[in-house]
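A.B. asks: Taking the hints into account, I'd like the entire structure generated from these sequences.
Quick note, the sequences are listed as chains U and W, same order. Heads up, our numbering is the position in the first sequence plus 2, with the first residue counted as 1. Heads up, our numbering is the position in the second sequence plus 2, with the first residue counted as 1.
No lab work stands behind these hints, which were simulated from the structure alone. There's no promise every hint is true.
Unchecked claim - Coverage of chain U stretches by chain W, computed from C-beta distances (three or more under 8 Å per stretch; other residues unrestricted):
no., segment
1, 264-277
2, 379-391
3, 394-406
4, 421-432
Each residue gets a CB set at the ideal place from its N, CA and C atoms; glycine is no exception.
Number of protein chains: 2
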Amino acid sequence: MPFLRVAPVLGAIFMVFGLTILVPMGVSWWTDDGALLAYPAAIAATLACGVFLRYLASRRGKQQELQARDGILLVGLAWTLLPLVACIPLLSYFELAGTPTTFTDAYFEAVSALTTTGSTVYTGLDQLPVSINLWRCFLQWLGGMGILVLAVAILPMLGSGGSQLFRAEATGPMKDAKLTPRITETAKGLWSVYVLLSLACVTAYWLGGMSPLDAWMHMFTTLSLGGLSSHDASFGFFQSPTLEWVAIVFMLLASGNFALYFMALIKRQPWRIWRDVEWRGSMLMLVGSSLFITGLLLVKGTTSDPFETLRMALFNVVSIGSTTGYATVDYTTWPVFAPLFMIMLSGVATSAGSTGAGIKMVRIVILIKQTRREMSRIIHPRAVNPVTLGSQVVDNSTIFAVLGFMLVYGGTIIGLTMLLLLSDLSFDTAFSAVVASVNNMGPGLNEIGPSGNYQGLTDFQTWVCTLAMLLGRLEMLSFLVLFTRGYWRK
Amino acid sequence: MPFLRVAPVLGAIFMVFGLTILVPMGVSWWTDDGALLAYPAAIAATLACGVFLRYLASRRGKQQELQARDGILLVGLAWTLLPLVACIPLLSYFELAGTPTTFTDAYFEAVSALTTTGSTVYTGLDQLPVSINLWRCFLQWLGGMGILVLAVAILPMLGSGGSQLFRAEATGPMKDAKLTPRITETAKGLWSVYVLLSLACVTAYWLGGMSPLDAWMHMFTTLSLGGLSSHDASFGFFQSPTLEWVAIVFMLLASGNFALYFMALIKRQPWRIWRDVEWRGSMLMLVGSSLFITGLLLVKGTTSDPFETLRMALFNVVSIGSTTGYATVDYTTWPVFAPLFMIMLSGVATSAGSTGAGIKMVRIVILIKQTRREMSRIIHPRAVNPVTLGSQVVDNSTIFAVLGFMLVYGGTIIGLTMLLLLSDLSFDTAFSAVVASVNNMGPGLNEIGPSGNYQGLTDFQTWVCTLAMLLGRLEMLSFLVLFTRGYWRK
Ligand SMILES: [K+]
Ligand SMILES: [K+]
Chain U
3 MPFLRVAPVL GAIFMVFGLT ILVPMGVSWW TDDGALLAYP AAIAATLACG VFLRYLASRR
63 GKQQELQARD GILLVGLAWT LLPLVACIPL LSYFELAGTP TTFTDAYFEA VSALTTTGST
123 VYTGLDQLPV SINLWRCFLQ WLGGMGILVL AVAILPMLGS GGSQLFRAEA TGPMKDAKLT
183 PRITETAKGL WSVYVLLSLA CVTAYWLGGM SPLDAWMHMF TTLSLGGLSS HDASFGFFQS
243 PTLEWVAIVF MLLASGNFAL YFMALIKRQP WRIWRDVEWR GSMLMLVGSS LFITGLLLVK
303 GTTSDPFETL RMALFNVVSI GSTTGYATVD YTTWPVFAPL FMIMLSGVAT SAGSTGAGIK
363 MVRIVILIKQ TRREMSRIIH PRAVNPVTLG SQVVDNSTIF AVLGFMLVYG GTIIGLTMLL
423 LLSDLSFDTA FSAVVASVNN MGPGLNEIGP SGNYQGLTDF QTWVCTLAML LGRLEMLSFL
483 VLFTRGYWRK
Chain W
3 MPFLRVAPVL GAIFMVFGLT ILVPMGVSWW TDDGALLAYP AAIAATLACG VFLRYLASRR
63 GKQQELQARD GILLVGLAWT LLPLVACIPL LSYFELAGTP TTFTDAYFEA VSALTTTGST
123 VYTGLDQLPV SINLWRCFLQ WLGGMGILVL AVAILPMLGS GGSQLFRAEA TGPMKDAKLT
183 PRITETAKGL WSVYVLLSLA CVTAYWLGGM SPLDAWMHMF TTLSLGGLSS HDASFGFFQS
243 PTLEWVAIVF MLLASGNFAL YFMALIKRQP WRIWRDVEWR GSMLMLVGSS LFITGLLLVK
303 GTTSDPFETL RMALFNVVSI GSTTGYATVD YTTWPVFAPL FMIMLSGVAT SAGSTGAGIK
363 MVRIVILIKQ TRREMSRIIH PRAVNPVTLG SQVVDNSTIF AVLGFMLVYG GTIIGLTMLL
423 LLSDLSFDTA FSAVVASVNN MGPGLNEIGP SGNYQGLTDF QTWVCTLAML LGRLEMLSFL
483 VLFTRGYWRK
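C.D. replies: Written as structure tokens, this is what we have:
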């Protein structure tokens, strides 16, 4: 039984997760924001789930060793079950406040937070108790930690593709080592970088003028490329060029591969970062796109002040492109090219080993090289020119895995868009909702744009978006494979 | 010099093409439609081009043998240069009638006809001289003949992919024979099937109640999956259920592989057709989609009479899905799912070896099997399960070619849509224009929908659509490869 093998680990995750709910509860007590009663039930339920899962497993006597493919089930269960308990504080708070929310909405919000998507179905964020907002944002930061482990531990199992994708980055001592036995150690390494950058970010936000609580909340959602905010006006609330520049820098940094930073750090070779083809790709893509949009806005006469346009374009393009999803303006009023371009960008610009979702830059690099190879094959059918990444040859099975990912990625976007169309959503809304959700980015076009939110969707539409976020977070295949007979066959 | 090697063949094509212009000229003379003077210049120019090209080549003394990859250049030149002369009758007629058209529009119309796309920039078709309408429709039928040769002669060069794709269908004596030396013979076989079906179709249209000239014109654009009509109201002009059923049958037949029909015919084994996995796929896809849309229209209350809805859905879904592009109703007023679904369908439903464009059913079959293989690889990394098509194993290089095609297909659609967005076209119009053009289908959404046409586009937008039609017709790669340095290097 794969389920019994993963139950103890899942139980442990639940128990740790239950303890993290003490953080918003503490803040609620400290700030006396009136939401204190929203937390005890959630903590109790989460701990109870953890205990129950561990008891289930222990009843079977000797604990069975985890097999490689069990990781897929573990991750699938973690990302679908944790939101069940993560949404209890929301359900409780809104119930206690006399404005009950639906389970559909609360679960959506929790999935949106934990997958670092950052779409929201709630308005009046500025009036919510600070601890509820903090919980939403903190969930994103926790989700980000989960994603970093996911990248190390689970993706290598997605065919040799994932493995090589990741190892190509993590050059150095870990390169040829089996990753599975070293998950804990590697995770600790990545988390230490994550925490270091987080501390730098919260300090910068605080020095830049945010209140301490806002600084923490926005740090949580910057480093995780999450994009939730405690303000309806998102980052536009602050109206502060300084804070925008700080956010631009940290969103860019968080779009890179944390394993790369870790290697550069422990080897004290910062130039490794610049030498990494994927890192350069991500940065050039995000900054280059911002410059392009700056030019577009000036040429089309949308704005006139070049420097202000540059900052505005950098902030919003980097925010959407890096899958963060903050906004300082309603960019859907820009020429129609810009918002669609930005939404597409969110699928390709982040690096593997960051907390971004979508295709990831390393796959794009491989795909470009593979397309070039196919074109030269038409001319020279017998020529052999392998695809390389840095100094490594990318083998055919990796390329197949990347191409397979592309198919499933494209198919998922088309299929879910069609589902939303069946519910009579307009084409641009449906398409942008699916792309924004699959890329774990957030805002889309029209009613779900930066000046609106997902509140207006029907329950059916909300569930489609929830599914899209989960599929995107789990790289499609690792989620879909759970629904094949082959997975469950002995 | 590749150009000098292809010049004599291209010259011959131009000379034959010049003679075909005698057909509309003859019709003009016979019906005395007042457009007689539109043709002499076109014939003269076309023949002159042919003579010039042959002279160019003969000056170099001994004719050089064509190399395999020269076919790519030949096809690229044929499909971009023939419209230059094919549009002369349009330019001349409108000039003589005192309502001059632009070169951009006339060239677009000629490319649209020859690629069997069937988008039009002209209105008042019912008032045009019959010979001008006949020329537009006849161009589609000629384009269809060209495409059948293209499929046999050129696509096999697009990596081993094209070759195997086609050979997998053409089982039997030709299976292992080299195709290139047999182009003429094979082309003759395919053309004989094409002509036989054409004769059956024109007879059926005539018996069904069309005037003889309308029967010929609509046969031309049915068999070629072209979709141009001599009426602004397209096929809706006839208001005839009988004619619609005839069109449904012939559009379905023309979506199949003509090589398959040829084999079934000469071997007198009609059951071969049903046994072909791609043929079954195309038919089930088109008919199944029609049934689904029928249900949708009834459930959503768009229509109420089940039998009439069925016929209407079959006609319009098969028409759009088979890349024909006729319409009897403005299906963009149907629930938003339907038109987008139909436009997507046009990319996947036709068989290789038909005159349809897009991805083609055989590639879809391979992609589905490959995706399944990748998913089972995640679970069993060491398992070997080859992709098969009928009784043949599809080798990895074919799968790479198919996946490469998908990338370029997707990239082309995204890239050209973004170009149209830059010119401030709305997203659904831009996307549908590009998909309809790349799939050589025709109508899109909004102003370019079945009740509108491409007239309202700016010159820039028209050229983007022209490029899209050419890229789609030449299967992207064979066109793009001409723009690589590798192609022109010795
Ligand atoms: K996000
Ligand atoms: K067509």
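A.B. asks: Each hint: holds or not?
C.D. replies: Cross-check of the supplied hints:
1. 264-277: violated (count 0)
2. 379-391: holds (count 5)
3. 394-406: The restraint on the segment 394-406 of chain U holds, since 7 of its residues have a Cβ under 8 Å from chain W and three suffice.
4. 421-432: holds (count 7)
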